[in-house]
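Assemble chain B with the ligands onto chain A, guided by the hints.
Protein chains in written order, with the numbering used here: chain A, 1 to 159; chain B, 1 to 287.
Just so you know, these hints were derived from the structure itself, not from any lab. Computed from a prediction, not measured in an experiment: that's the story for all the values here. It is possible that part of the hints are untrue.
What the hints assert, rightly or not - Computed spacing ranges between beta-carbons, pair by pair:
#1 G69/A / T197/B: 42 to 50 Å
#2 L84/A / G135/B: 51 to 59 Å
#3 S286/B / A81/A: 58 to 66 Å
#4 R272/B / A140/A: 26 to 34 Å
Beta carbons: idealized from backbone N, C-alpha and C, even for Gly.
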Amino acid sequence: MRLTCTVNGKTEVIDDIWPGESLLYVLRERMGLPGAKNACEQGECGSCSVHIDGVLVCACLVAAGQVEGAQIQTVEGLAGATELHPVQQAYLDAGAVQCGFCTPGLIVATVDLLDKNSDPTDNEIREALAGNLCRCTGYAKILDAVRLAAARLEKTGKA
Amino acid sequence: MDFFRPTSLADALKLKSAHPLALCINGGTDVMVELNFDRKRPETLLDLSAVTELNQWSEAGDSIVLGAGVTYSRIQTELHAQLPGLAMASRTVGSLQIRNRGGVGGNLGSASPAGDAHPALLATGATVNVSSVRGGRSIDIHEYFIAPKKSALDPDEIIISITIPKARGGQQYSKIGTRNAMVIAVCSFGLAIDLQTRKVGTGIGSAGPTPLRAVEAEAFAASHLDWEKGAALAPELLAEFGALVSAASRPIDDIRGTAAYRRHTLSVIAARSLKWAWTSTNEFRST
Ligand SMILES: Cc1cc2nc3c(=O)[nH]c(=O)nc-3n(C[C@H](O)[C@H](O)[C@H](O)COP(=O)(O)OP(=O)(O)OC[C@H]3O[C@@H](n4cnc5c(N)ncnc54)[C@H](O)[C@@H]3O)c2cc1C
Ligand code: FES
Ligand code: FES
Numbered sequence: 001m002r003l004t005c006t007v008n009g010k011t012e013v014i015d016d017i018w019p020g021e022s023l024l025y026v027l028r029e030r031m032g033l034p035g036a037k038n039a040c041e042q043g044e045c046g047s048c049s050v051h052i053d054g055v056l057v058c059a060c061l062v063a064a065g066q067v068e069g070a071q072i073q074t075v076e077g078l079a080g081a082t083e084l085h086p087v088q089q090a091y092l093d094a095g096a097v098q099c100g101f102c103t104p105g106l107i108v109a110t111v112d113l114l115d116k117n118s119d120p121t122d123n124e125i126r127e128a129l130a131g132n133l134c135r136c137t138g139y140a141k142i143l144d145a146v147r148l149a150a151a152r153l154e155k156t157g158k159a
Numbered sequence: 001m002d003f004f005r006p007t008s009l010a011d012a013l014k015l016k017s018a019h020p021l022a023l024c025i026n027g028g029t030d031v032m033v034e035l036n037f038d039r040k041r042p043e044t045l046l047d048l049s050a051v052t053e054l055n056q057w058s059e060a061g062d063s064i065v066l067g068a069g070v071t072y073s074r075i076q077t078e079l080h081a082q083l084p085g086l087a088m089a090s091r092t093v094g095s096l097q098i099r100n101r102g103g104v105g106g107n108l109g110s111a112s113p114a115g116d117a118h119p120a121l122l123a124t125g126a127t128v129n130v131s132s133v134r135g136g137r138s139i140d141i142h143e144y145f146i147a148p149k150k151s152a153l154d155p156d157e158i159i160i161s162i163t164i165p166k167a168r169g170g171q172q173y174s175k176i177g178t179r180n181a182m183v184i185a186v187c188s189f190g191l192a193i194d195l196q197t198r199k200v201g202t203g204i205g206s207a208g209p210t211p212l213r214a215v216e217a218e219a220f221a222a223s224h225l226d227w228e229k230g231a232a233l234a235p236e237l238l239a240e241f242g243a244l245v246s247a248a249s250r251p252i253d254d255i256r257g258t259a260a261y262r263r264h265t266l267s268v269i270a271a272r273s274l275k276w277a278w279t280s281t282n283e284f285r286s287t
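Bound-form chain A, shown alone (with noise of 0.2 Å):
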């Protein structure tokens, strides 16, 4: 099967697909966009969001042939030629991050979260975020992470 959808902006074709297979291996093993990550392929870790036409979903629970003709960002779309994203570099800078595994998923989400609320409480942190599961930091620097991507969001009018 032959898909044709767009990734990051640039219009993609790709053939001898699968129909059964998940968009998350679309786009790790047949585009070598390697940024979400694949850990439960179930659904439970949040590793693997992305957004199809503005939604955050899990590329793994998502049929390729589902995608067709649909807008995708991914991770890779978010830093700009010299420039980080303000979440990427809030992660960075909070020391969100260790074994860096969830960290694709967990920026995604918050990315997904400041568009639509620019400044969120901890509440609303942590359900916008119970979908991604990060294993080695214990949460509390990703919610320092996301409270900082907010207020530099907040003061540059980006958010």
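Okay, now just chain B with the ligands, sitting in the frame of chain A:
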């Protein structure tokens, strides 16, 4: 494997009739887990997510007609006023990523006794509208669940929508689990009070082979509530309601909890739900 992605309902029904063994996929939050872990290898996948008719909701008199593919996230934001019980249940499903894809049609398709939409649908007396090339029919939610993961749906049928009466009184949904997110219910309870018909509806999840209704508890509550003035409920009345809900359950011991724990927690959440829903029923009195 064949993959079909119809954009109209008519095409979807034709495809399902031509391939009755085709596995429907909508949000994929149940189906993809099965595919990823090689638990299912259907010959045909019928993707319903591009069918416009399934992804919208509308008002029809006193009811909402909810397209099978409308996601939990949309129910939370767009329908919380009309369908508060279902919106509360939706909020407990998985995580944001899951709620952004999954919906009630898929929940009914899987027909798990633990599905969170089911108690809310039972409590409100919803109707499941299904269709095939042979024609359409409406299934009373109380007749929809047959056995664990088995429903009244025929192989060539597709769930089109669910007709759910708009709230005419307080509604509640409570779920027992180890976390506030990402849990399959240990047990759950949905309640809907209807000030107009003076009826109380119930739904029990994860405490029987199918989602269940607590018929005696419903009758008890309906005959003991002070419908005229909305007087506060005595603790004995709440306790008796809880006991009747618990008695209607048919739980087993499993990895998530024991039958005894389920019976106990059901009596507690049922009593609390009635208290909360009765209080919010007052908001419907003045209107
Ligand atoms: C991490 C995770 C957490 C979860 N947490 C919860 C939870 O807390 N509570 C809960 O209830 N569920 C939960 N689920 C299960 C799942 O999200 C729900 O059952 C959801 O409602 C399924 O909807 P879907 O559109 O994704 O269904 P799909 O996976 O697309 O389909 C599910 C089933 O329904 C059938 N189907 C789909 N649409 C139709 C239709 N229109 N007509 C006929 N058949 C159809 C499919 O063939 C399949 O058998 C969870 C799943 C995951 C992966
Ligand atoms: S790999 Fe998709 S949620 Fe874990
Ligand atoms: S930093 Fe290791 S899993 Fe989160």
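Hints, verified against the model:
no.: 1; hint: G69/A / T197/B: 42 to 50 Å; in the structure: holds (46 Å)
no.: 2; hint: L84/A / G135/B: 51 to 59 Å; in the structure: holds (57 Å)
no.: 3; hint: S286/B / A81/A: 58 to 66 Å; in the structure: holds (59 Å)
no.: 4; hint: R272/B / A140/A: 26 to 34 Å; in the structure: holds (32 Å)
Figure legend: structure checked against the earlier numbered hints; every hint is met.
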